[in-house]
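Trainee: The chain contents come next:
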Amino acid sequence: MSNPQAPAQLAKAGASASLEAAHISSLEELERIAKTLRRDIVTMIGRAASGHPGGSLSTVEILTSLFFNVMRHRPSEPKWPDRDRFILSKGHGAPALYSALAETGYFPMEWLSTLRRLGSPLQGHPDMNRVPGVEFSTGSLGQGLSVATGMALAARMDKRDYRVYALLSDGECQEGQTWEAAMFAGHHELDNLTVMVDANGCQLDGFICSILDLDPLPAKWKAFGWHTLEVDGHSISELLAALEEARSTKGVPTAIIAHTIKGKGVSFMENNNEFHGKAPSPEQVARALEELA
Amino acid sequence: MAAFPMGASTREAYGKALVELGRENPNIIVLDADLSSSTQTIAFGKEFPDRFINVGLAEQNLMGIAAGLAASGKTVFASTFAVFATSRCYDQVRVSIAQTHLNVKIVASHAGISVGEDGASHQAIEDLALMSALPGFTVVVPADEVETPQAIRAAANTEGPFYVRCGRPKAPVVYPPDYHFTLGQAVLMRAGADVTLVANGLMLAPALEAAAALERDGIDARVLSVPTVKPLDQEALVKAAVETGALVVAEEHLLHGGLGSRVAQVLAERRPVPISFVALRDTFGESGKPDELLAKYGLTAEEIRKAALATVRRKTT
Ligand SMILES: Cc1ncc(C[n+]2csc(CCOP(=O)(O)OP(=O)(O)O)c2C)c(N)n1
Ligand SMILES: [Mg+2]
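Chains as they are written, first to last, in my numbering: chain D, 21 to 313; chain V, 14 to 330.
Hints may be right or wrong, so weigh each one.
What the hints assert, rightly or not - Simulated pairs of lysine-lysine, DSS-like, Cα-Cα distance not exceeding 27 Å: (1) D:LYS298 to V:LYS183; (2) V:LYS29 to D:LYS298; (3) D:LYS298 to V:LYS302; (4) V:LYS59 to D:LYS298; (5) D:LYS298 to V:LYS309.
Stated by the list, open to error - Simulated coverage check for chain V against chain D, where a stretch passes if three residues somewhere in it have a Cβ under 8 Å from a Cβ of chain D: (6) 21-28; (7) 47-54; (8) 65-71; (9) 92-103; (10) 130-136; (11) 304-310.
If you are wondering where the hints come from, they were derived from the structure by calculation, not from laboratory data.
Values in this document were obtained by computation on a predicted structure and should not be read as measured data.
Cβ coordinates follow ideal geometry from the N, Cα and C atoms, glycine included.
Whole structure, please, built from the sequences with the hints as guidance.
Mentor: Structure (structure tokens):
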């Protein structure tokens with residue numbers, strides 16, 4: 021891929037005697053990683069000539085915070101029983117997840133250039149049976165939180181202290197199932213469960229506020245029994261602080277509403293719904309990579 | 014080999030047909046679930062904003078609202094991708110639309126593996142099985158831009174719940190401009206006496222190509238288009254069994270519960286003859302280019318041809 025100074029295999033480089041991925045705390049370094057993820061995303065979707073750039077780019081700081089700082093995980097041992105779980109409920113954001121997994125060393129960087137190709141493990145939507153590190157298969161929106169809830173419940177039953185993170189789109193907050201799961205997690209006081217909502221204000225056909233408004237979204241999560249926080253979803257420091265607060269919050273699950281910009285980082289994709297599900301042309305990829313240099 | 018000119022996708026043909034119907038019939042309401050730019054209902058929405066509702070990302074609610082509107086006398090078209098229009102909200106369709114036998118026309122786009130790169134989660138391969146299983150549902154799979162508008166018109170003008178399956182890719186034009194679609198009727202596309210190739214939707218063009226190839230093999234193949242999967246044109250199928258003694262059914266769907274299963278059920282009861290099936294065999298799809306996937310999963314003219322040769326050999330004379 022086009023990332024010469026990519027922190028590839030960071031996990032191995034920074035890992036202690038254990039196999040655990042490094043917890044990078046330098047904001048500068050994390051921001052550099054975020055930029056690398058963005059370059060990966062644009063490059064791989066461009067090469068595939070298919071995919072969802074907008075909703076991948078809006079998640080980058082969230083994924084960077086989780087995979088490179090917050091989560092306890094072992095890229096060389098993806099099924100480690102004590103790993104924190106991450107479920108990309110908004111499955112069409114797969115390229116961002118694939119980049120994070122490759123950059124932490126779950127699989128070779130070369131896989132990224134096979135995105136969406138026949139025979140590639142990197143399917144258009146994440147497939148847990150093909151890709152190490154993909155915790156659960158998604159693609160049909162609105163199902164991920166229920167699954168995350170089941171995993172959080174299992175942790176409690178098994179007396180394990182891993183945490184479960186689910187990344188939802190704001191569009192998914194229109195699906196009834198999301199609220200069935202939210203009600204359940206609130207009722208069962210699943211404080212090992214954290215939801216991040218990628219609140220980019222856009223869905224496929226246009227703006228959330230004109231199609232089916234979610235406002236007031238934080239109040240809705242609160243009403244379902246969740247500790248609720250709002251952050252700038254492109255501020256890694258705010259994300260890290262919120263995730264720390266989620267970890268120390270006992271007795272209730274935490275929902276972090278991350279306000280983001282769809283297409284973030286590429287000027288001509290930002291808030292441009294044309295790039296929800298359309299790949300950039302080779303020229304557009306080149307322009308985007310210049311901006312992300 | 015018969016080559017067909019490329020036409021609009023069936024979803025594009027649907028979008029256009031809806032606008033025309035909307036102009037004629039003020040009672041038509043169109044609903045979509047955040048995919049109107051893909052299903053093509055967006056054109057109707059632009060021309061008739063008061064009769065178009067984007068319900069958001071909420072397929073179960075989509076079907077419930079459709080039922081409520083239909084129970085209030087509206088003719089409702091409800092659209093989203095085929096996976097989300099069927100399995101994502103099946104009980105809502107079953108209880109609120111099928112059991113009630115309401116005037117809801119579910120027209121789904123992006124059916125089958127020809128969806129391509131989005132992969133398994135977005136490729137409906139069982140939708141015909143699900144929708145045909147529901148008592149009282151009419152199920153139609155149009156093939157091209159000539160047939161689709163007529164199928165949509167028939168749905169609008171016929172009481173009761175419909176499922177119409179449309180596709181994502183551009184579709185070859187297989188019908189002549191003067192083609193006349195009749196609900197519930199099979200269409201003889203090509204006469205033949207040795208074997209009958211039965212197909213619809215995306216598989217109709219390969220079936221016709223296979224028939225041309227079989228001619229070079231010395232096999233005289235009939236091609237029967239069966240756009241209405243339910244109710245099935247039993248007489249045309251029995252006639253084909255009697256006159257050609259062997260059938261091949263080709264479809265972009267699982268072997269189980271689709272056109273092939275339904276044809277086999279009818280003929281097992283009324284005129285057992287050798288039948289072969291060109292279909293997906295107990296597998297989900299995956300990411301890839303539509304043509305690559307169709308080739309990988311054997312949904313091609315060549316596979317139909319091979320199946321026909323094998324089936325003809327199984328005939329008892
Ligand atoms: C159940 C379901 N319905 C419809 C779709 C098709 N679809 C893909 S993305 C999308 C909406 C995108 O908006 P949002 O969910 O907010 O995602 P983001 O803005 O983060 O890309 C839709 C309707 C789907 N994947 N799943
Ligand atoms: Mg969104």
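Trainee: The stretch 65-71 of chain V covered by chain D? Criterion: 3 or more residues, Cβ-Cβ distance below 8 Å.
Mentor: holds (count 5)
Trainee: Can the stretch 92-103 of chain V be counted as covered by chain D under the rule of three residues or more with Cβ-Cβ separation shorter than 8 Å?
Mentor: holds (count 3)
Trainee: Taking a Cβ-to-Cβ distance below 8 Å as contact, does the stretch 21-28 of chain V have at least three residues touching chain D?
Mentor: violated (count 0)
Trainee: Can you take a look at whether the stretch 304-310 of chain V is actually covered by chain D? Rule is 3+ residues, C-beta closer than 8 Å.
Mentor: holds (count 3)
Trainee: Given the hinted pair LYS59 (chain V) and LYS298 (chain D), is their alpha-carbon gap at most 27 Å?
Mentor: OK: LYS59 (chain V) and LYS298 (chain D) at ~22 Å, within 27 Å.
Trainee: Quickly compare the C-alpha distance for LYS29 (chain V) and LYS298 (chain D) to 27 Å and report which way the hint goes.
Mentor: 23 Å, holds
Trainee: Would you say the stretch 47-54 of chain V counts as covered by chain D, given the rule of at least 3 residues with C-beta under 8 Å?
Mentor: That given contact holds, which follows from 5 residues of the stretch 47-54 of chain V lying within Cβ reach (below 8 Å) of chain D.
Trainee: Take a quick look at whether LYS298 (chain D) and LYS309 (chain V) sit within 27 Å of each other, Cα to Cα.
Mentor: Roughly 25 Å between the alpha carbons, so the hint for LYS298 (chain D) and LYS309 (chain V) holds.
Trainee: Mind taking a look at whether chain D covers the stretch 130-136 of chain V? Criterion is 3 or more residues with CB to CB distance under 8 Å.
Mentor: Coverage by chain D holds here, the residue count being 6 at a Cβ distance below 8 Å.
Trainee: Starting from LYS298 (chain D), check that the Cα of LYS183 (chain V) is at most 27 Å away, please.
Mentor: 17 Å, holds
Trainee: Just to be careful, I want the Cα atoms of LYS298 (chain D) and LYS302 (chain V) compared with a cutoff of 27 Å; is the pair within it?
Mentor: 15 Å, holds
Of the hints listed earlier, the one the structure fails to meet is number 6.
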